[in-house]
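A.B. asks: What follows is the residue order along each chain.
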Amino acid sequence: MSRRARLTLFGLAAAGLAALLLWSITGLPKFGDYHGAYGKILNKAAPKERQTSNVVAAVVFDYRGFDTMGEEFILFGAVMGVAMLLREPREDEAPVPEDPVRSDALRAFGISFAGATLVLGLWIVAHGYVTPGGGFQGGVILAAAFLLVSLAGSYRPYRRLTPVPIVDFAEGTGAGAYVVIGLCALLIGDAFLHNLLPYGVAGKLSSGGSIPLLNWASALEVTAAFVLLFNEFLSERAIMIDSTRRPP
Amino acid sequence: MSYLPFVLAAWIFVVGIFGIVRSRHYIHLVVCLSLTQSSTYVLLLSIGYVKHGGAPIFKDVPQGTRAVDPVVQALTLTDIVVSVTVAALVLALAIQAKKHAKTMNPDELRPVRG
Amino acid sequence: MDVLVPLPVAIPLLSAAVVTAIGHWCGRRFDDLIAIGATAATLVISLLLVFRSNEHELVYWFGGWRPRDGVALGISFTVDPGSAAVATLVSTLALAALVFSWRYFDEVGKLFPVLMLLFVGAMCGFALAGDLFNLFVWFELMSVVAYALTGYGVEHAGPLEGAINFAVTNTVGSFCILFGIGFLYARTGALNLAQIGEALAGHRADGLVIVAFTLLVGGFMTKAGAVPFHFWLSDAYAVAPIPVCILLAGVMSDLGLHAVGRIYWTAFSGTLSAGDIRPVLVGFGLVTAIVGGFMCFLQRDLKRMLAFATISNIGSVLVGIALLTRSGLAGSIVYLNTNGLLRGAAFVAVGILVRRFKSGDELDLRGRGRRAPIAGAVLVAAALALALLPPFGPFLANALVVDSAIALGYGWVPPLLALAAVLSAGTILRAAGRIFGGLGAGEDPLLSHEPEESQAEPDDDRRVSPPLMWIPAGALAVVGLGLAFVPELAGHALRDAGRVVDRSSHAREVLGGVAPPAAPIPPYSPSATAYAYGIASAGGALAFAAFGLYRRRLPISLRRAAARAAAGPVAGLKELHSGVVGDYVAWLTAGVALLGGLVAVVVR
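Protein chains in written order, with the numbering used here: chain A, 1 to 248; chain B, 1 to 114; chain C, 1 to 604.
Mixed in with the good hints there might be a few duds.
Here are the simulated lysine to aspartate or glutamate pairs, EDC-like style, with alpha carbons at most 16 Å apart [to be verified]:
(1) K40(A) - D69(C)
(2) K99(B) - D33(A)
(3) K99(B) - E236(A)
(4) K98(B) - D33(A)
In case anyone wonders, no lab produced these hints; they're calculated from the structure.
Turn these sequences into a full structure, and let the hints steer you where they fit.
C.D. replies: Okay, here's the thing in structure tokens:
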């Protein structure tokens, strides 16, 4: 179809779609007026039943923990998919270009920043079910700490820090641990992903039953997944730099 | 206005799809995909909002304080992960398009016809 | 709660994680063996679930969160024989694909088995889900893995384009689904399908309900490949590697329709009356079936031909569901399972040809297929069964649909379904005749040529062990054909459909734990009309195949007149399947707007 035909078709279609959406919006409860039972019950019950002060974490890792398992595996599968799509036909060691950054100050600052980010990430993961945070959020920050090492100019140390077998192991362990925790409940006769451990007192780090375990498992998996993702894209960049440097 | 956030979500949705339809560059396409996905975040979070409600986190405030719906926040979290993964995949495909097909324009990459 | 229910999802996902974690340090065949073992285990467990859910549904609450006062707090799986059968179909096709692809994907090492395991787990989860957002999560996992697997041959422009079109179009479909979920959650405060149904039942369907239904159905029809959401499917299935196609065409498309059926019956049947919606959905189904069949005829690349045959089949399954009756739904359940196996078998047969002769083009392969007789037998058997030949599975399913349609006064539906079967199965027979019998002309300018760069199959210099290729083909064909002979298959399907269709007792069972008494199995035998349609369409398919092969021998005046009449539509249709993703998304939007407009009109 020519671009004009396509845009005309879309113009009409979009008008129809917009009309449908606006019609639907008139049936929604007003902004701020939401009275759904699901959320209300959980807000009242979760802190008492599961001793977690962060109700969203309780929803993510307990009430709807099965969804989170699927979500983890979506990230897992996508990273494996990216690894497959960006594979090189000849499986040689990816070319490692010279470090483009020459400033020692930048390098030092970047590395120390990476350390601080690491601590921040761990703190956010650890307190995920007490205050805002959690496995996913903290996992991304932890992966960013690794990325900082590469950005601060040192691609070589970054590759040495993140060898593919180790990262794969971490990712598989994180994802697998989530399923295994779920299966443990099956083995003792409860439902899959039933919260097994003692609940403790809300507001402390030792609360929530098996929520902290699932929290850490997903943090491990998310960190490893993003490190792998960065690896893939950075090695593409390395190939491009390499090909522009070396004469063909 | 009591429906403005929802209308905003619908607007972003339609505009995002418009961007996808007329896109001439794969990176632009990925950005439009992420943009359109953000319309779903706006919709979900606006639906869960409770007037004068705080975050559903009861560490500093006593349990039973008015709070927004926590379920939509969990749904949005999953939604964000989905968006990241799809963007990563399409970007990987875009990289390969540049490397092997030497084009980043969706209109030009067409061996399949009929 | 039955302990087996979470396993079809947990086992494949856990195996994928294990293979990723320790695959580097174990032997070369470790990954493949784990994958085959896990898939076989899933197959056995799903089959057990089919039998265990025979009397009453198996409802499983994850985390142990049972509903409180009719409010579901956790996520549920609701297993009935129909959904467990789909899970079994998934594992069967995956097992065949893994055996067929033994040592095929060595280039990517453990990535292929890992992605296949994730695919299997996601599809099983999708089939068994009872919670709308959980359904969406498995939908996304399934899609993400499929995008990557389709783009396997990423050095060529064909797979690249197919994968991008697949990814972008299906993602836009998932946006629609999310909006639908959001709207429903706003209205009902629930994500559990049965609870949504209870909340919506009895109230008049206003704009929000209609639009939520439209968006959800539109999104799932995009996954299924109904017209006009289908453009990505023919591109993607034509370029994905064969083992992946077996799963994509055999079951992934049908899953989209499975979801449409469940969502309508469990959530919307209390508020959107069947009589209103029926003509709209039947219309979409018939258009899909006919357009798919027509485009199928115009292809010479075998994979693209089978892709369009899949679209045509999807249209027929959609018609079965769209009739919104117990026997229509039962027919679609039988259709889904038998057609899936037969389509899978056809893809394996094509895979054998591609591997042996390094070509997937019908005209290229003319006469060369004589050296692969098993592939020929499988292809012909599958095509004849798909052409509704009695007494096989598709015929039985079609009989249920035909009887239901006639009872509703939709007597014009069965001939169109037969036409679709003739077009698609006839084309496959034409291809089989040309390849294995050497019949027909060596050139045909009407057929679309697939460019060389689209071949995605890995270069395979090793001699692959032939039994690994023809055992999956034969096994799938035998099971697909033999399913029809399971005693009282139609009766079981009818009973299962009856339970799905009864929304309020289903909701009582899911939310209240009250299982209804087991109904007896209704007796069923296909009517004479159904036999007539079956035999007519099988004969018609053979005649159509002959037409396809010997077109040139018709008198010139007839051919000129036909060419004048058909040239416009043929060229137009081919032009529309342009391969450009912007076009596809524009059609998707148009499809959603059209669906919404029609539903709004019929409900008001």
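A.B. asks: If a hint holds in the structure, say so; if it doesn't, say that too.
C.D. replies: Evaluated hints:
no., hint, in the structure
1, K40(A) - D69(C), "holds, 14 Å"
2, K99(B) - D33(A), "violated, 52 Å"
3, K99(B) - E236(A), "holds, 10 Å"
4, K98(B) - D33(A), "violated, 49 Å"
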